[in-house]
Amino acid sequence: MGNKTFAEVQDFLQGKVILVANRGIPARRICRSIRERFDAVAAMTAADVDKTAPAASTAQELLLLGPEPRSYLDIDKIITKARQRGVVGIHPGWGFASEDTRFPQRCKEAGITFIGATAEAMNLLGNKVQAREVARRLGIPVVPGSGGAVDIAGTRQLIDEIGLPVMLKAEGGGGGRGIFTIYNQAELEDAFFKASTMAQASFGNPHLFLEKFLDNVRHIEIQIIADMYGNVFAFDERDCTVQRNHQKLIEITPSHWPGMTQNLRERLKDYARRLIRAVGYHSLATVEFLITPDGSPYLIEVNTRLQVEHGITECRYGIDLVEEQIAVAFGAELRYREESLRASYCSMQVRINCENPQNNFEPNSGLITRYVSPGGPGVRLDSNISAGYEFPANYDSAGALLITYAHDWEKTLGIMDRALSEYIIGGIKTTIPFFRQVLKNSFFRKGDINTYFIANHPELMLYTDLAPEGERLARLVAEISVKGYNPYVQLGAYRSATTPALGPFEPVLPPISSSVQRKPSPYPQGDRLATLDFIRDSGWIHFSDTTPRDFTQSNSGNRFRLAEDRLLGPYLDNVGYFSIENGGGAHFHVAMMANMTYPFSEANEWNNFAPKTFKQLLVRSTNVLGYTPQPRNLMHKTGEMICDCYQVVRCFDFLNHIENMRPIAEVVLSRKDVIFQPALSMSWAKGFDVSHYLDVIEAILRMISDIMGVTSKTASRSIILGLKDMGGVCPPRFMTELVEALRKRWPELVLHYHRHYTDGLFVPACGAAAKAGAHILDVGLGAAVRSYGQGDVLSTMAYLEDELGLTCCLNKNAIRDANFVCKQLMPYYDRYCSPYFQGIDYDVTLHGMPGGATSSSQEGAMKQGYIHLLPYMLKFLEGTRRIVRYHDVTPGSQITWNTAFLAVTGAWKRGGEEEVRYLLEVLNEATSTPQTEFSSEMRKACLTVYQDCNDAFRNLLLGKFGKLPLGFPADWVYESAFGAEWKMAVAKRTEASPLETLPNINMDLEEQICTDILKRKPNAEEFILYLNHPADALKAIQFKAQYGDPNNLPLHVWFEGLKIGQDLYFNETKGKPHHLVLLSISRPSEMGVSVCRYVLDSEIMSYEVKVSQPTGFRVKGVAMADPANRYHIAAPSNGDLWVMYVHPGDIVKAGEEVFNISIMKQEKAVLASVDGIVKRVLRTADFKENKQRVSVCEGELIVELAPVPRLCSHPSCGQPIPLDNAAFCPYCGSRVE
Amino acid sequence: MSSCQCFDECRIIPWVDSPDVNNNPLPVIWFTGQATSALDAGFWLQKRDRLAVWDSVIVAAQTAGRGQLRRTWFSPPGNIYAALRLPLIPPFDGSAASVATGLLLASALHELGWPVLLKWPNDLVLLSRQEGIPHKLGGILLEERGGVLLAGIGINVASAPSICVLRKNAAMAAASLADFVKQPLLAEKLWQQLVKHVYLAYAQDSAFIRRWQSRAEQLLLWRGSNVELSEDRHTTRGKLAGLSPTGGICLFTDGKMTEFLSGTLRRA
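So the sequences go chain by chain: H and A. Every position in the first sequence, counted from 1, becomes a number in my numbering once 449 is added. Every position in the second sequence, counted from 1, becomes a number in my numbering once 27 is added.
No wet-lab data here; the hints were simulated from the structure. Please read all numbers here as calculations on a predicted model, not as lab measurements. Possibly wrong hints are sitting among the right ones.
Stated by the list, open to error - Simulated pairs of lysine-lysine, DSSO-like, Cα-Cα distance not exceeding 27 Å:
no., chain 1, residue 1, chain 2, residue 2
1, H, K1121, H, K1061
2, A, K163, H, K1633
3, H, K1598, A, K163
Claimed, not checked - To give an idea of the interface, some chain A residues facing chain H are shown, with a C-beta separation under 8 Å as derived from the structure:
no., residue
4, R75
5, R97
6, D120
7, S122
8, I167
9, L169
10, P211
11, S241
12, Q245
13, F279
Note that CB positions come from ideal geometry on N, CA and C, so glycine has one too.
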């Protein structure tokens, strides 16, 4: 009788059950082969956690193993169940019990065919020491080392013979575990102990053997299959050199290493065949070698099972190894012959593991929220995942095996790169983005690597693992829609999902004619002197538009977005403005913090969509773009980036301490294409008169001429002087006086007047300044004029032209178009971002709060419950401005406001309104009387004025912000603010610039810190943002990573989200269009989570949004106690509940033990903290009775009490009455009153 | 003092040692005859403000001595049955309290010349001098109620329960100190010495909160050996690696370290 054929085995197996004793990828892989040709029933073992796993769907039957996740190792149980089912063959897959020699033995005893090696063969080849012995006998080179298990002494001796470094390996090990490398003798003992411990723990065998550690080697293996008749087939090599900690990550066949010659290949195959034949092996096996750079092979081990990477050999040859393995196991003759089976393809496999490579390949488990598998020519995918699958934590992290194959290596790589880019696994971290990095690596592509490739190339870990932007933005829309408000704009819950919406923002954009578009800006570009000459000589009044910055800073709290700038900017660009103020001040910070937009990127975009007009930015002297003084090197660094993005830089100091501007002036003046505009901070008050301001401007010009090395006259030709009236307080007559004086003194100095609308006198004041010779005025779009920003450009122009006879050269039609666009978008900002208090406030001339602070400060008083004190606070502001003299603009305005707020509320807390009135009387007296003339009562009383001030005010008095413009205030102010230490404070005062004492920051260190936080290097802009506003910069950077660029969403969606069924078409940053429709928003779960389902580009997705606190205080299915509810009795710690003393309906008294928790022989009696009736007992235990404990977690609600309605009034009873309607006390029987 | 059901309060007497070298007073030890349990007596004293932190009470015998989960504690006269009040501050304010208390007592016994190790979490185990076979010498049960933490401490001084009295599946045989010495030992006397050592070891080590873990690991029975940890019907095998900061036991099992907070430990 001849050898059994494949067809005979097919006949035999038809309809019979073959069991795969495994799970996941191997189980699915093998079941496929069982079904394809044998027509057998594919059965798969499954622990409870795997019953409904994606892999299980491939099996026709499941052999259930019960709740224990490790039962795949329980050979006896598996064989017993297999026998009961009539299984004819068991395939062990890989991992689990696949290399347990008892498995084939037990199968044999049970009369079941084990599809794999025999126990004897496993013992001979699977044991590394034995395999080496066989190899040595056959003359196959092995890595020098111990023949068998060694002890420490033996190890020492061997090290003397073969030298260091060496590796200690577990005799029973595999998969790279239990290997320790020893580089010097001192490590030996410790490593030996650790390796032995790990070997025992991992493989149940503490024995170790020793091998010479070979450096710079490749890992090459030969797949073998053999039948029972002595036929052996050796396949071409697999190159598994890309490993991490001896765990293979990428496998390639054939090896693309130039050193892999045909000669070497044949040699390896020959070794492998001889080894297999020598032991009479039949089944699949893999013979593994290390190859040194000179091409010398060393056998390391033989794997007596199917291997994870077998698929690439199948793709190289177009065969099914598992099918052949099954056939061989049932006695078929091997169908492969050297003469007929030829290798045709290159193939590679990457292991898609659910691990985070950037966090040391930490495994992660959890819900797969999105799954899109790759496909197309040359792709094979063996996976165990699908969308909605909760990837379990119990097993290894293998998610899928992705294989590509083609005729050549470059194409194979190309297919792999493409397949990885198609492959989307959402919800958990995978190795996909990491492999994309590896594929880009030139050493990898050339094959110029060794087994330490990954360890030696840490740059492979530097990547950003982001879902496509469309998907991320859709989540943002879902979040805003579910909440009804956008939490990121930081304006609180300004609406809910049920608030009527303004509805879709679908702006009508008037066309801009090409002739208008082509018309260049009248202002010479790129040469500030030419620009200034032009302005000086033009004879017109020039204008700057502040709509995107100061205008909307004051009126919309800076929430004006880049998205709307993109709409408005092109119209503004065609008006013919000198400049558009689009950056700086609070806008810089808020753009990041609330608009989630990088400010310098925003500026760069402006330069693209509005290229003709200069862009202008406001800098707060030493504070630059923040709220506290910055060191000189940071000012320079920030200044340089500013100059790259803006053409006009206005800089002010709230103390007019000119030296504070020097670092910025130095940077800007070094650039010929950027105009420096030092600005005078202006108040209208005694002492701040024309001659005072002339002195300040003189100081400015002195500094400029010093920096430029020119005369004061030349300096006055080289800059623009800003006149900055932040409050809008200087009356027209004062402007006439000041500007005339300035023009007279410095006739060539270009003047740029900036003021606010707050006092209502914007237009006449601008008119007065212009008439007196100011060259440029700050204005804005009428459609956006509200109370606190600048005034309307068209009405100002009308006043100048028609009333004063001045010339203006703006394109009024372009302004009209801009106004039309602006009209359409303002309703959204008005509804969601407009100031709390609105309207003109002429009293600003008294209290001096500038711009938007007029409203926001007062809003603070109201929200803190002090609205009744507001008139007093404003009075205090009026008074204190006359005592401590500086200009009310950031940060001065905040200091003034806080001082007033604290003084008035402090007085009120001390003695009510009477005390407040007294405080104001004292303040009034102090403003009108010199300290030398204070009465004795007043000397005492004045000490209360600043007793409640904060440190910012004290620092101001000490000169820490810079020199006070009219000198230090009277001594009583210090006595009041500093108390007993006032003299020391007076002694410590300084008039020097804070820059002189601020040490430079260590940029390298800061960059390192930022890199550590981001897990990547910040780009230049991100680093500047981080240096200026660390926390908010990080927030913005992280937001961008999480959601993308929100400026891609239209205005209504940004503020209101979408309604169910409403369509949204949006483009992502790279221009790819998307369509989004919300399908449903679920009611919040007990966890307070709503699920939003939506269709994004015809794919249904969902996103969970936390909308409220958990109602039932449930955490992962566990009811949590409300810590604020005294009737909730919680488990005090994690532990075991072992005795419960109460039942529902029982009455407990405060201090009574309710239950007891045991943890590590510590028993915690949990007592009731109030009298109560037991309403619910959520968990119970009685260990004495049934020897069962119930594990509980800290904070878990165990017993819920309810208030006891009444207590028995009988003097000797006093027991609680449990029922509302009881007429008699159930304890003493007396009548209940 | 008002009447008490747990013991005869007329026979309770305080004993105060002379102050230590720094003239700090040492904790008070209360003695009494038979009681339901030392823990009951301890809580009774504490309720009357007579049991400050580190004060203790030792009773001559217990009529209802209790072990973990109200298991019976064999309590004939001659052994130590004491309750020691512990401070509710780290490491005694969390799950580490059991191990930390075990460490203090095992170290105290060590200093008195007894080769005592700690079987996790806090059984006191005496190694027989020749064979090094571990025998259970005593146990500790912590009870916390109403913000008061007491350690109930039982140490076999004169006698130990025979193997047939021990609960089924007990991890090891019991022994008493009397099995190893010719001279009879007095439980009260030994307790005085132990309390002094325990108190001073704690009070004079400002870094106890940081060091307890490594010190307890040095005294840990079966460290580095294969053990099995069973609880209810679950059993885990692994190599005993050490303790966690919460006082849990760390087993090296299946190639990874796992921390356990409960279970009975046996030699595998």
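Consistency of the hints with the structure:
Annotation: proposed proximity of K1121 of chain H to K1061 of chain H holds, straight-line Cα distance about 18 Å (limit 27 Å). Annotation: proposed proximity of K163 of chain A to K1633 of chain H holds, straight-line Cα distance about 23 Å (limit 27 Å). A distance of roughly 40 Å separates the Cα atoms of K1598 of chain H and K163 of chain A; the hinted pair therefore is violated under the 27 Å criterion. For R75 of chain A, the suggested interface contact is broken, since its CB lies about 16 Å from the closest CB of chain H, more than 8 Å.
Contact between R97 of chain A and chain H, as hinted, is supported at the beta carbon level, the nearest pair being about 6 Å apart and thus within 8 Å. With its C-beta approaching chain H no nearer than about 10 Å, D120 of chain A sits outside the 8 Å limit, and its interface hint is violated. A hinted interface residue such as S122 of chain A counts as satisfied when its beta carbon comes closer than 8 Å to some beta carbon of chain H; here the least separation is about 5 Å, so the hint holds. The interface hint given for I167 of chain A is met, as the beta carbon of that residue sits about 7 Å from the closest beta carbon of chain H, less than 8 Å.
A cut of 8 Å between beta carbons decides the hint on L169 of chain A: the least distance to chain H is about 4 Å, and the hint holds. With its C-beta approaching chain H no nearer than about 30 Å, P211 of chain A sits outside the 8 Å limit, and its interface hint is violated. The closest approach between the C-beta of S241 of chain A and any C-beta of chain H is roughly 17 Å, which is over the 8 Å cut-off, so the hint fails. The beta carbon of Q245 of chain A is not positioned within 8 Å of any beta carbon in chain H (closest approach about 17 Å), and the interface hint is therefore violated.
Interface restraint check: F279 of chain A against chain H, minimum CB-CB distance 5 Å, threshold 8 Å, status holds.
The earlier numbered hints that this structure contradicts are 3, 4, 6, 10, 11 and 12.
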